[in-house]
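Residue numbers (our numbering), protein chains in the order written: chain A, 101 to 421; chain B, 385 to 727; chain C, 1402 to 1749.
Hints should not be assumed to be uniformly reliable.
[Said to hold, decoys possible] Calculated pairs, DMTMM-like style, for lysine to aspartate or glutamate (alpha carbon to alpha carbon, straight line, at most 20 Å): (1) Lys513/B <-> Glu523/B; (2) Lys230/A <-> Glu178/A; (3) Lys336/A <-> Asp609/B; (4) Lys419/A <-> Asp609/B; (5) Lys265/A <-> Glu279/A; (6) Lys588/B <-> Glu523/B; (7) Lys689/B <-> Glu717/B; (8) Lys588/B <-> Glu1711/C; (9) Lys336/A <-> Glu395/B; (10) Lys230/A <-> Glu146/A; (11) Lys419/A <-> Asp408/A; (12) Lys336/A <-> Asp500/B; (13) Lys336/A <-> Glu470/B; (14) Lys171/A <-> Asp196/A; (15) Lys588/B <-> Asp568/B; (16) Lys230/A <-> Asp500/B; (17) Lys230/A <-> Glu470/B; (18) Lys590/B <-> Asp398/B; (19) Lys336/A <-> Glu313/A; (20) Lys590/B <-> Glu523/B; (21) Lys230/A <-> Glu330/A.
[Said to hold, decoys possible] Here are the in silico distance ranges between beta carbons for each label pair: (22) Asn561/B <-> Ser1459/C: 32 to 42 Å; (23) Glu717/B <-> Gly316/A: 42 to 52 Å; (24) Asp661/B <-> Ala1609/C: 17 to 27 Å; (25) Asp511/B <-> Tyr1558/C: 47 to 57 Å; (26) Asp159/A <-> Thr1424/C: 52 to 62 Å; (27) Leu109/A <-> Glu470/B: 47 to 57 Å; (28) Glu535/B <-> Leu420/A: 15 to 25 Å; (29) Val175/A <-> Ser1459/C: 38 to 48 Å; (30) Gly316/A <-> Glu535/B: 53 to 63 Å; (31) Asn561/B <-> Gln1714/C: 49 to 59 Å; (32) Glu470/B <-> Trp284/A: 42 to 52 Å.
Simulated from the structure, these hints should not be mistaken for laboratory data.
If you're wondering where the values come from, they're calculated on a predicted model, not measured in any experiment.
C-beta atoms are modelled at their ideal positions from N, C-alpha and C, and glycine is treated no differently.
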Amino acid sequence: MAHYIVRRLVWVAVVLLAVTLIVYAIFFLLPAGDPAVRHAGKIPSEENIAEVRAQFGLDQPVYVQYGKFVKNFFVGDEYGWPGLGFSYETRTPVRDKVITAAPRTLSLIAGAVVIWLIAGVGIGVLSAVKRHSWLDRLAMGFALFGVSAPVFWLGLILLYVFWEKLGWLPGTGYVPISESPVDWFLHLIMPWSVLALAFAAVYARMTRGNLLETMGEDYIRTARAKGLSERRVVLKHGLRASLTPIITLLGIDMAILVGGAVITESVFNIQGLGHIALTGVNAQDLPVTMGVIMIGACAVVIMGLLADIAYAYLDPRVKLA
Amino acid sequence: MPETSTARLLEVSDLAVHLPTRDGVVKAVDGISYTLNAGETLGIVGESGSGKSVSCLTVLGLINRDSAQISGRVIYDGSDLLEATESELRMVRGNEISMIFQDPFAGLHPLFSVGDQLVEAIRAHEDVKKRVARERVVELLHEVGIPQAAERFSSYPHEYSGGMQQRAMIAMALINNPRILIADEPTTALDVTVQAQILELIEKIKEELSIGVILVTHDLGVVRDVTQNVLVMYAGRIVEHGSTAAVFAEPKHPYTWGLMESIPLLEVETRDLRAIDGAPPSLIHLPTGCAFHPRCTQAFEGCDKARPELDQTEHHQAACHLARTDRDRIWQERRRRPADASR
Amino acid sequence: MTSKLMRDEPLLSVEGLTKHFTTSASVLGRKGTTTVRAVEDVSFEVRAGETLGLVGESGCGKSTTARLIVRLLEATAGRVVFDGIDISSLSRRAFRPLRRDIQMIFQDPYGSLNPRHTVGQIVGAPFAIQGTRGDKKGNVGELMARVGLNPEHYNRYPHEFSGGQRQRIGVARALALRPRLVVCDEPVSALDVSIQAQIINLLSELQADFELTYLFISHDLSVVRHVSDRVAVMYLGHIVELADAADLYGDPHHPYTEALLSAVPGQAHERERIVLRGDVPSPTDPPAGCPFHPRCPRAQALAGADGAPERCQTERPPLVGDGVRNVACWYPLVGESGQAGRATTASR
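For reference, chain A alone in the conformation it holds in the complex:
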């Protein structure tokens, strides 16, 4: 087991290296203008540009810049670990930006996960148990809606109804939980719901499908034959086997959202990681873009590892080796 984890962590490093290479390559190979020119002021002189270039390290060869970035990432720089560099645009350490933005994104993801798991699995179980009933059809109709409704549209509708018209909920923005848990919660209800909807729909369909398949297994017949109540047969024997693959998927889905809840963050002005990634890209602010991408990539590979470990823990037939 420990052997396996060590090996996987080595892989994590390899994957991260590959990610940095690809992003660097895109940034330097695709012509989009010189960042130094862009950040040297309104009417820059040659000296200004040279100065900025030296300040950003852009005067050095690409491989030196790259080497420095990789080294800083793994070892840390003058602002601490992991070293993510210095924003061209705001002239502040990227690490600070990330540290400010991360709790916002994590708050968003955490709440959404709770909602989509409960709603998705709950609806999936109900519709599997009551297969072909009106309830099942309603649930699967909901699933179709959830998958197809665009997030920005849904977000705007919610804002219009609950903020603008009814005034029940505060509008956009984010309040740290340390400041006011209630405001934190109220500000996040709508983003949570919007983000969770599509996932809840996918999870509901998956739970339904898995559970229906499981309920046809021989061991379900055995469970009934030993005199268990139908409730226990479904919720213990059926669901236990159906949830294992879902848990694995959950890890990956959560990780992808670390850098990828861009639309939800934008609609509700949450200014999380997705938001700074977006501004970084728009401003050709390589260090910021890289920083968010690295954090996102770390999340994906580490959650992938955790998901595999969880899978081995949940299914005794799986051996990690």
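Using the hints provided, position chains B and C relative to the given structure of chain A.
Same frame as chain A, but now just chains B and C:
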């Protein structure tokens, strides 16, 4: 045949199970009756689609009672299980009547330890502490021949061999001291030497606990070795019913003859196998009259008209239009053929 | 089925055939690999026109042996000589022309037929692959009729047939190119008893008509007895006994063969049932010495204070004999005539 002296455990009469499908109604079981006594092993033999498994699942209400059309009576302990509510049935399942199945690996939940699955079976019927249940489980696992039962308690099904898995299933079925054990092809998925172990175990249990056993199988050899009485089923109906000794000595139905003549025998060097021509009929569109008549070598005019009933006069019954004397004579002739003589 | 008693050349000869499946666990190299010793040093011959039965319980290596012979798997060691040619050393390309001579019939007639192809396509495919010209449809129709299928069903799909008919399709496909050796791997195990007999009879008729040689693999001892001229019994990757069918069934020399035969249910005369204890050991970690010794009733009967006879525990008995009767056992059941004598070694 020991009959009147022993306690009657189960009485099935006119049981029919019709399953509506998109293509029509599948007459899986079409009017069967039998009784099971304590200390008796009753064999139900037939090919796939003969209704042998469905009839057993119906006894325990393990087929979907909402979609199936079930008629007849299944009298256990003075009441009709077909009329029982789901919660009444739940009390019977695994407690009074237990069932084991063909594929023990598929029948055990892959994600729970074997021990936990047995503990759960106890606690479904009895309010006991986990620790107490665990002790009983270990003891029983040991009794059914699982070595190092205490250590094996926490193992998962995939860590057991096929024979061990079936032993564990048997332990699960016996844990609440049932009065009836229904074994649906319990050894079909197992190797022949393991089959011998499992059959020996079932035999021992039956003797010691004096329970009634229904053994469903397609293997005539198994029936011959371990049952006292046998039902031969074809297309959802009983075609022959009697003591195992009588049925093997003097089979009275052409289908039974065909079955016996189509299996190679270990002791006989060469013998032409007389295959039964054709294939079992569709259960949706059963042949008129006797369901076996299209494949029957003895069929005559009238077999396609009326459906034969089991003889009511004899102890050993068959459902065939041939006169009884003709059946006896034809069997004697078939048996005398040199190729068959050595049995 | 006829066994020719003339000293004919073997059509197939298998010499020291060995197959180990290795699963390596680690990328970084540490941690050992596990080796499944599926087939260990197996040698036998199949004579032209005969049926050699290969019998044993699941995991004994009989199906792996079949797959090695038709080269669905590559052997770890040993040779497979077909009609004088060492086919195990041929390249895939060089082997292709010989493929038509060696065909296989599988257990699961449904799983081995492409559900999207019609029967005509399935049975006709070998003609196309081997580039045989001529009236394909006519040939296929003729073959279908020969195996008991209605040639008018040429355009039907496998799911429209019953299990027995599907196995007939499998038989027709195997026979399309007039092979000389047919490896039958559990050909009737998935079928109902009344249908089994139809297929067994069909295989016998075809053997006579097409002068086929069969290697017939099954776990069903009665079926093997019925179809085979000679029988090899496998246990844990080894052949433990090989003899004429009547001799082997009437008077087994290996304690495993004896136990296996006694376990078959439904026998009319009283054969003392020997119920073997325990499970077959794992082929990843087979016992030293004779693979059967930990469960062997004979070894137990001869056991001294240190358990089974030392030889059984340390040295693997080779398959020896006069070419007619061969047994791999240090203490074979020879000379103790009749059931009664051997029954004393039985543990019941």
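| task | Could you tell me whether the CB distance from glutamate 717/B to glycine 316/A stays inside 42 to 52 Å? | result | Holds, at about 49 Å.
| request: Given the hint of 42 to 52 Å, check if glutamate 470/B and tryptophan 284/A actually sit that far apart at their C-beta atoms. | output: Hint holds: Cβ distance 47 Å, inside 42 to 52 Å.
| 20 Å Cα cutoff - pair lysine 336/A, aspartate 500/B | holds (12 Å)
| query | Within a Cα-Cα threshold of 20 Å, do lysine 230/A and glutamate 178/A meet the stated pairing? | reply | Measuring from Cα to Cα gives roughly 60 Å; hence the hint is violated.
| Is the straight-line distance between the alpha-carbon of lysine 336/A and that of glutamate 313/A 20 Å or less? | holds (15 Å)
| said: Holds or violated: lysine 590/B and glutamate 523/B, Cα atoms, limit 20 Å. | reply: holds (18 Å)
| query | If you draw a straight line from the CA of lysine 230/A to the CA of glutamate 146/A, is it 20 Å or shorter? | reply | Judged against 20 Å, a Cα distance of about 73 Å means the pair is violated.
| Distance restraint between lysine 590/B and aspartate 398/B, which requires alpha-carbon spacing of 20 Å or less | Measuring from Cα to Cα gives roughly 27 Å; hence the hint is violated.
| Is the gap between the beta carbons of glycine 316/A and glutamate 535/B within 53 to 63 Å? | violated (33 Å)
| message | Please verify whether lysine 336/A and glutamate 395/B have alpha carbons no more than 20 Å apart. | response | violated (34 Å)
| Holds or violated: lysine 588/B with aspartate 568/B, Cα cutoff 20 Å? | holds (18 Å)
| Between valine 175/A and serine 1459/C, is the Cβ distance one that fits in 38 to 48 Å? | Because 57 Å falls outside the window, the suggested range is violated.
Checked against the numbered hints listed earlier, the structure breaks hints 2, 3, 4, 5, 7, 8, 9, 10, 16, 18, 29, 30 and 31; every other hint is satisfied.
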